[in-house]
Amino acid sequence: MVDVKLAPGADEVAMAVMLSDMLRANLEKPEKLKDFNKLKARVYINAKDAETEMTMLFDKGSLTVYGGKEGNPDISIITDAATLLDLANINIKMGMPYYFDETGMAVVKKLLKRELQIKGMFAHYFALNRLTKIMSLN
Amino acid sequence: MALTYGTDEWNQAYDALVKERLESQSKPFVMGTPEWVAQYEELIQNDAEYKEAAKDWEGSVVIKILAKPDIGLDKDLYMFMDLWHGDCRFVKIVPADVGESADYVITGEYERWRSVMAKELDTIKGMMQGKLKLKGDLPTIVRAVKASARLVDLSASTECKFPDELDAAGIEELRALLKRAEDELGI
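One line per chain: the protein sequences are A and B, in this order. For the first sequence, the working numbering puts the final residue at 138, and the numbers step up evenly by one. For the second sequence, the working numbering puts the final residue at 1187, and the numbers step up evenly by one.
If we strip away everything but chain A, and leave its shape as in the complex, we get (with noise of 0.2 Å):
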């Protein structure tokens, strides 16, 4: 069972509580687990159009999801609610996210035409990868 909690009133938040489960489903799986157990980072995202934000808190082994923005975070991902989605549906290849193919190749688009923002990008490059093939469902 993975160390996956919600902190006190995130229950209320819609989106924390959707990816939280999706994160604990993920998680089932070992390669995935791997990852969690190295990251350690702060995330936080925003969907702006659903005016919704959440913050990760991984600490190697264990996630903390609060509702809300919570602390200075290391990553921070700015989009819409279906940019994130499609964030979840990137695929990975030889344990790498992979971003030459149609689902990958849309998220640079948005990356560079700034419809996603990722704040912390090179500064944590290898927690952002991390992240990545935990969040991705494939």
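I should point out that these hints are in silico values taken from the structure, not numbers from a laboratory. These numbers come from a predicted model, not from an experiment. Where a beta carbon is used, it is the ideal one built from N, C-alpha and C, also for glycine. Keep in mind that a hint or two might mislead.
[Stated by the list, open to error] Label pairs and their computed distance ranges (CB to CB): (1) B:1136 - A:126: 30 to 38 Å; (2) B:1119 - A:62: 38 to 46 Å; (3) B:1180 - A:93: 29 to 37 Å; (4) B:1069 - A:60: 49 to 57 Å; (5) A:62 - B:1164: 41 to 49 Å; (6) B:1046 - A:105: 23 to 31 Å; (7) A:114 - B:1118: 23 to 31 Å; (8) B:1119 - A:121: 29 to 37 Å.
[Stated by the list, open to error] Chain A residues, not near chain B, derived (Cβ > 12 Å throughout): (9) 3; (10) 112; (11) 122.
Position chain B relative to chain A; hints supplied.
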């Protein structure tokens, strides 16, 4: 005594009701009525974009519209879509127990679904805001996000009249229709 869902008698009675309504009603149909559902079913069945997006999809999806008696919806309405690898086998209004047993049930108040069908609310956004609630395996729905979005787009492209736009007589007519469907079909 209502017929039992899934029997030949039930299917024949449902089809007869749809046929009668299609012949007696003029477009635009009222959202949530059997004739509107039939129109929606035809759109999905003939949509190449949906077929492509849903080629890996397996499972039934229910749109559950919560009751709103002041516009004639005295009971929750379950719109059941039997979907399989890009095919839409059928879309029907079904009894509550059948609706609740679908693989995926997306529940919302009438106003939310009205906003979705008027293209004012995106389904994904609605789910993230908690305005629409999903029962079922979330990762599977997320993988099929394009197919889900297309289903909603199609519902928004049906010509329709919303129940809250009806006058008092229209609301009573809708109430009477749904009561008849309840008595005869258990829906």
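Hints, one by one, checked against the model:
| no. | hint | verdict |
| --- | --- | --- |
| 1 | B:1136 - A:126: 30 to 38 Å | 34 Å, holds |
| 2 | B:1119 - A:62: 38 to 46 Å | 41 Å, holds |
| 3 | B:1180 - A:93: 29 to 37 Å | 56 Å, violated |
| 4 | B:1069 - A:60: 49 to 57 Å | 53 Å, holds |
| 5 | A:62 - B:1164: 41 to 49 Å | 48 Å, holds |
| 6 | B:1046 - A:105: 23 to 31 Å | 29 Å, holds |
| 7 | A:114 - B:1118: 23 to 31 Å | 29 Å, holds |
| 8 | B:1119 - A:121: 29 to 37 Å | 33 Å, holds |
| 9 | 3 | 19 Å, holds |
| 10 | 112 | 21 Å, holds |
| 11 | 122 | 27 Å, holds |
Violated hint for the displayed structure: number 3, the only one.
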